[in-house]
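Novice: Residues per chain, in single letters:
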Amino acid sequence: MNKICGGIPTQGKGQEKLLLLLKQAQSKFGYLPKELMAELAESLCLSISDVYGVASFYSFLSTKPQGRNVIRICKCLPCLLKNAQTIIESVEKEIGIKPGEITPDGRFSFELTNCIGACDEAPAMMLNGEVHVNLTPGKISQILKACK
Amino acid sequence: MPEKQIVLRNCGVIDPKRIATFLDRDGFKALKKALDEMTPEQIIGEIKVSGLRGRGGAGFPCGLKWDLARKAQGDEKYVICNADEGEVGTFKDRYILERDPFTLVEAMAIAGYAIGAKRGYIYLRAEYHHLLDLLRNAISQARERGFLGHFEIDIREGAGSYICGEESALMDSIEGKRGEVRFRPPFPPSKGLWGRPTIINNVETLMNIPQIILNGAHWFSQLGTELSKGTKVFSVSGDVKKSGVYELVLGSRLRELVEGLALAEKVKMVQVGGATGRIIPYEMIDSSLAFENILGAGAVIVFNETRDVIDVVYRTMEFLAEECCGKCAPGREGTEVMVEILERFSRGQGVESDIRVLEELSNAMMLSSLCGLGQAAPNPVIDSLQYFRGAYESRIREN
Numbered sequence: 001m002n003k004i005c006g007g008i009p010t011q012g013k014g015q016e017k018l019l020l021l022l023k024q025a026q027s028k029f030g031y032l033p034k035e036l037m038a039e040l041a042e043s044l045c046l047s048i049s050d051v052y053g054v055a056s057f058y059s060f061l062s063t064k065p066q067g068r069n070v071i072r073i074c075k076c077l078p079c080l081l082k083n084a085q086t087i088i089e090s091v092e093k094e095i096g097i098k099p100g101e102i103t104p105d106g107r108f109s110f111e112l113t114n115c116i117g118a119c120d121e122a123p124a125m126m127l128n129g130e131v132h133v134n135l136t137p138g139k140i141s142q143i144l145k146a147c148k
Numbered sequence: 001m002p003e004k005q006i007v008l009r010n011c012g013v014i015d016p017k018r019i020a021t022f023l024d025r026d027g028f029k030a031l032k033k034a035l036d037e038m039t040p041e042q043i044i045g046e047i048k049v050s051g052l053r054g055r056g057g058a059g060f061p062c063g064l065k066w067d068l069a070r071k072a073q074g075d076e077k078y079v080i081c082n083a084d085e086g087e088v089g090t091f092k093d094r095y096i097l098e099r100d101p102f103t104l105v106e107a108m109a110i111a112g113y114a115i116g117a118k119r120g121y122i123y124l125r126a127e128y129h130h131l132l133d134l135l136r137n138a139i140s141q142a143r144e145r146g147f148l149g150h151f152e153i154d155i156r157e158g159a160g161s162y163i164c165g166e167e168s169a170l171m172d173s174i175e176g177k178r179g180e181v182r183f184r185p186p187f188p189p190s191k192g193l194w195g196r197p198t199i200i201n202n203v204e205t206l207m208n209i210p211q212i213i214l215n216g217a218h219w220f221s222q223l224g225t226e227l228s229k230g231t232k233v234f235s236v237s238g239d240v241k242k243s244g245v246y247e248l249v250l251g252s253r254l255r256e257l258v259e260g261l262a263l264a265e266k267v268k269m270v271q272v273g274g275a276t277g278r279i280i281p282y283e284m285i286d287s288s289l290a291f292e293n294i295l296g297a298g299a300v301i302v303f304n305e306t307r308d309v310i311d312v313v314y315r316t317m318e319f320l321a322e323e324c325c326g327k328c329a330p331g332r333e334g335t336e337v338m339v340e341i342l343e344r345f346s347r348g349q350g351v352e353s354d355i356r357v358l359e360e361l362s363n364a365m366m367l368s369s370l371c372g373l374g375q376a377a378p379n380p381v382i383d384s385l386q387y388f389r390g391a392y393e394s395r396i397r398e399n
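The listed protein sequences derive, respectively, from chains A and B.
Numbering of the first sequence is given in the working numbering, commencing with residue 1 and proceeding in unit increments.
Numbering of the second sequence is given in the working numbering, commencing with residue 1 and proceeding in unit increments.
Derived from the structure by calculation, the hints contain no laboratory data.
Be aware that a few hints might be false.
As the list claims (entries may be wrong) - DSSO-like cross-link-like pairs, simulated, lysine-lysine; straight-line CA separation at most 27 Å:
1. Lys327/B x Lys191/B
2. Lys29/B x Lys48/B
3. Lys4/B x Lys241/B
4. Lys48/B x Lys118/B
5. Lys268/B x Lys242/B
6. Lys327/B x Lys64/A
7. Lys34/A x Lys327/B
8. Lys17/A x Lys64/A
9. Lys139/A x Lys93/A
10. Lys139/A x Lys98/A
11. Lys177/B x Lys17/A
12. Lys98/A x Lys34/A
13. Lys48/B x Lys4/B
14. Lys17/A x Lys327/B
15. Lys177/B x Lys28/A
16. Lys241/B x Lys139/A
17. Lys177/B x Lys34/A
18. Lys98/A x Lys145/A
19. Lys242/B x Lys139/A
20. Lys191/B x Lys48/B
21. Lys17/B x Lys4/B
22. Lys23/A x Lys327/B
23. Lys23/A x Lys177/B
24. Lys33/B x Lys4/B
25. Lys93/A x Lys64/A
26. Lys64/A x Lys177/B
27. Lys71/B x Lys48/B
28. Lys118/B x Lys191/B
29. Lys17/A x Lys118/B
30. Lys118/B x Lys33/B
31. Lys241/B x Lys268/B
32. Lys23/A x Lys148/A
33. Lys32/B x Lys17/B
34. Lys191/B x Lys177/B
35. Lys23/A x Lys34/A
36. Lys17/A x Lys191/B
37. Lys118/B x Lys32/B
38. Lys241/B x Lys266/B
39. Lys118/B x Lys177/B
Okay, chain A solo, but in the shape it has when bound (with noise of 0.2 Å):
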């Protein structure tokens, strides 16, 4: 159990506990490994595909390895209507991939988000689980730059 969750603590009620520790997980690992998985549904007396379920169910959590900065622009109709599709482009300008896409050298994933409730404040985005507003192109180049 130590190799992979180490430092993760892994008490009480089995089921409770899930969605928590796979969310220290994801910000500990940046995804959610198949072994580490397996392992947790070891120790909360679960069964793999339980423990996956969860995993899978929820969008801010990923089986699958995701680069250092998730960039995640929000693709909701308040959005739209402000321009969010020039700034998926000017993402995909400035990082070359398009949508559920990694940099080769994984720095960045690149997502698409529903609503996240900042709609006065359109167009919006999430990186790396911080919300930024009031989107322009020349803000995107800027706040890219700034990510190691």
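Chain A is already provided as a structure; the job is to place chain B on it using the hints.
Specialist: Okay, now just chain B, sitting in the frame of chain A:
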């Protein structure tokens, strides 16, 4: 009807990080009054008489919900605050939590006393992770001041899922599971979180509670219409000059909000209630905003004359198909089929029979879906077919 601030009364006035500024605004006086001068039954009676209905979209009478949970058998009960607003175009709860987390804590403590619960959960959507510290700080300051002696509040974060704002999926998510909708009955007030009596209230619903306790049910029920009492907080976005959050007395006109406050011009239509809400053409801009008419959770997205209604409905259905939990066939398959058909129309490749299929499918989904998502998913299709049928007909392939 005028703007009035009940829910937003502290927003921009207090410092959301400092409880002292909240106490200066009668903070925790309602909780004191509830604990010292009122029985749980009196509190529930007051909420019932006030006419307060759920602000998350469903409009269920709040007092009745509490009463059912109070009377339900069970040594452990729970209060859940639903802070998982994922409806497209909704951001009012974020606005409220950013500016006044203390009123929410006070309201949950009152709810706990009223139904006999010792523990409450705030289910916060993952997209609002930035509010976590502010909420934790509000809870711990309230605890330090001795306001939470009878009641403990925990925060549970979501992980990116619209359907988890649906109450039964939300409970499954707190239990660490996939956020799938449950069969009902039983309803949460009898069997909710871990099978125990549970009330689930939207952030905005709870924000009303302290003011009702302090000022009385009669004061509250004077505002609004016969079936919709009090105020409603609206999130306005899209083609407007002043997007943002507005609180209006229920029964106010859509025009007042969209043109009067948000300064929209050349409006073609308004989507009220987000993805599962209604599409209102400009000719109906004088509709009143109330549970008995149009309301939802108060998301108001404005579209100007340059916007294409088919594109709007197509995007909306795409969202619903993605966010559907997949448990029931009408929700899972119905939204997918609608996306396919709408996509055809958006390319000008619709066929005559598509319109009939859309209408039949709408009926089937409304009647047989397991939860509100599937039941209300056809709304934008039905409304656009009713008010903008020509847009569909002009996209039927000519051959």
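Novice: If a hint holds in the structure, say so; if it does not, say that too.
Specialist: Hint check results:
no. : hint                : in the structure
1   : Lys327/B x Lys191/B : holds, 20 Å
2   : Lys29/B x Lys48/B   : holds, 20 Å
3   : Lys4/B x Lys241/B   : holds, 21 Å
4   : Lys48/B x Lys118/B  : holds, 22 Å
5   : Lys268/B x Lys242/B : holds, 17 Å
6   : Lys327/B x Lys64/A  : holds, 24 Å
7   : Lys34/A x Lys327/B  : holds, 25 Å
8   : Lys17/A x Lys64/A   : holds, 22 Å
9   : Lys139/A x Lys93/A  : holds, 14 Å
10  : Lys139/A x Lys98/A  : holds, 19 Å
11  : Lys177/B x Lys17/A  : holds, 9 Å
12  : Lys98/A x Lys34/A   : holds, 26 Å
13  : Lys48/B x Lys4/B    : holds, 21 Å
14  : Lys17/A x Lys327/B  : holds, 23 Å
15  : Lys177/B x Lys28/A  : holds, 21 Å
16  : Lys241/B x Lys139/A : holds, 22 Å
17  : Lys177/B x Lys34/A  : holds, 18 Å
18  : Lys98/A x Lys145/A  : holds, 18 Å
19  : Lys242/B x Lys139/A : holds, 22 Å
20  : Lys191/B x Lys48/B  : holds, 21 Å
21  : Lys17/B x Lys4/B    : holds, 25 Å
22  : Lys23/A x Lys327/B  : holds, 23 Å
23  : Lys23/A x Lys177/B  : holds, 13 Å
24  : Lys33/B x Lys4/B    : holds, 24 Å
25  : Lys93/A x Lys64/A   : holds, 24 Å
26  : Lys64/A x Lys177/B  : holds, 20 Å
27  : Lys71/B x Lys48/B   : holds, 15 Å
28  : Lys118/B x Lys191/B : holds, 16 Å
29  : Lys17/A x Lys118/B  : holds, 21 Å
30  : Lys118/B x Lys33/B  : holds, 18 Å
31  : Lys241/B x Lys268/B : holds, 15 Å
32  : Lys23/A x Lys148/A  : holds, 22 Å
33  : Lys32/B x Lys17/B   : holds, 21 Å
34  : Lys191/B x Lys177/B : holds, 17 Å
35  : Lys23/A x Lys34/A   : holds, 15 Å
36  : Lys17/A x Lys191/B  : holds, 21 Å
37  : Lys118/B x Lys32/B  : holds, 17 Å
38  : Lys241/B x Lys266/B : holds, 12 Å
39  : Lys118/B x Lys177/B : holds, 23 Å
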